[in-house]
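Just need the whole structure built from these sequences, with the hints factored in.
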Amino acid sequence: MPTTIYEVIREMIEKGPMPIKDLSAKIGKPYPTLMRELNEEDQGAKLGVELLLPLMRACGSVLPLRYLASRMEHRVVSMQPITPDKSSHLEEMLTTYPALAEYHQAIMEERPLEKVAELRENVIRQVQEDFVAYARKKMGS
Numbered sequence: 001m002p003t004t005i006y007e008v009i010r011e012m013i014e015k016g017p018m019p020i021k022d023l024s025a026k027i028g029k030p031y032p033t034l035m036r037e038l039n040e041e042d043q044g045a046k047l048g049v050e051l052l053l054p055l056m057r058a059c060g061s062v063l064p065l066r067y068l069a070s071r072m073e074h075r076v077v078s079m080q081p082i083t084p085d086k087s088s089h090l091e092e093m094l095t096t097y098p099a100l101a102e103y104h105q106a107i108m109e110e111r112p113l114e115k116v117a118e119l120r121e122n123v124i125r126q127v128q129e130d131f132v133a134y135a136r137k138k139m140g141s
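Residue numbers (our numbering): 1 to 141.
Incorrect hints may appear among the rest.
Claimed, not checked - Distance condition first, Cα-Cα at most 30 Å in a straight line; then the derived BS3-like pairs of lysine-lysine:
hint, residue 1, residue 2
1, Lys86, Lys115
2, Lys46, Lys21
3, Lys26, Lys46
4, Lys29, Lys15
5, Lys86, Lys26
Unchecked claim - Have a look at the derived ranges for each label pair, beta carbon to beta carbon:
hint, residue 1, residue 2, range
6, Glu41, Met139, 33 to 43 Å
7, Glu50, Pro98, 34 to 44 Å
8, Glu50, Ala135, 33 to 43 Å
9, Ile20, Arg71, 40 to 50 Å
10, Arg57, Met35, 39 to 49 Å
11, Leu51, Lys138, 43 to 53 Å
12, Gln128, Ala45, 34 to 44 Å
13, Asp42, Asp85, 38 to 48 Å
14, Pro98, Met139, 35 to 45 Å
15, Gly60, Pro30, 20 to 30 Å
16, Gln43, Glu109, 34 to 44 Å
17, Ala25, Gln128, 32 to 42 Å
18, Pro19, Met139, 42 to 52 Å
19, Val132, Leu52, 29 to 39 Å
Derived from the structure by calculation, the hints contain no laboratory data.
Backbone N, C-alpha and C fix where the C-beta goes; we use that ideal spot for every residue, glycine too.
Okay, here's the thing in structure tokens:
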């Protein structure tokens, strides 16, 4: 389990969609410089906070944001509109059960807090999609 923001950022990059050399080019940071900045033992180079957002965007991850929020006893909530992705509210509800089971399984396996928080947010989003689909059905009938 990552215990520092550097570890969280490194995990995000390692699990990201592209090799770190490609990532460094995408964010406009020379590869050797980025590697130094990601090394918390290197006192001569530190990752600047202004680089965090481009890194998260390039990796398609809010893991560092979740980590920071959880340390302040907060959670990250998506501001994307809730749009059901199934054709009916019944189909929509069927996708909620596997999400809830995965969340509970992660807790039972004592997976990292940040991963469990991500799964929790997925369950919440699924429940919101259920409600929107149901509300649309009720308002349309």
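* Can you name, in rising order, the numbers of the hints this structure does not satisfy? -> Checked against the structure, the hints that fail are numbers 5, 6, 9, 10, 14, while the rest are satisfied.
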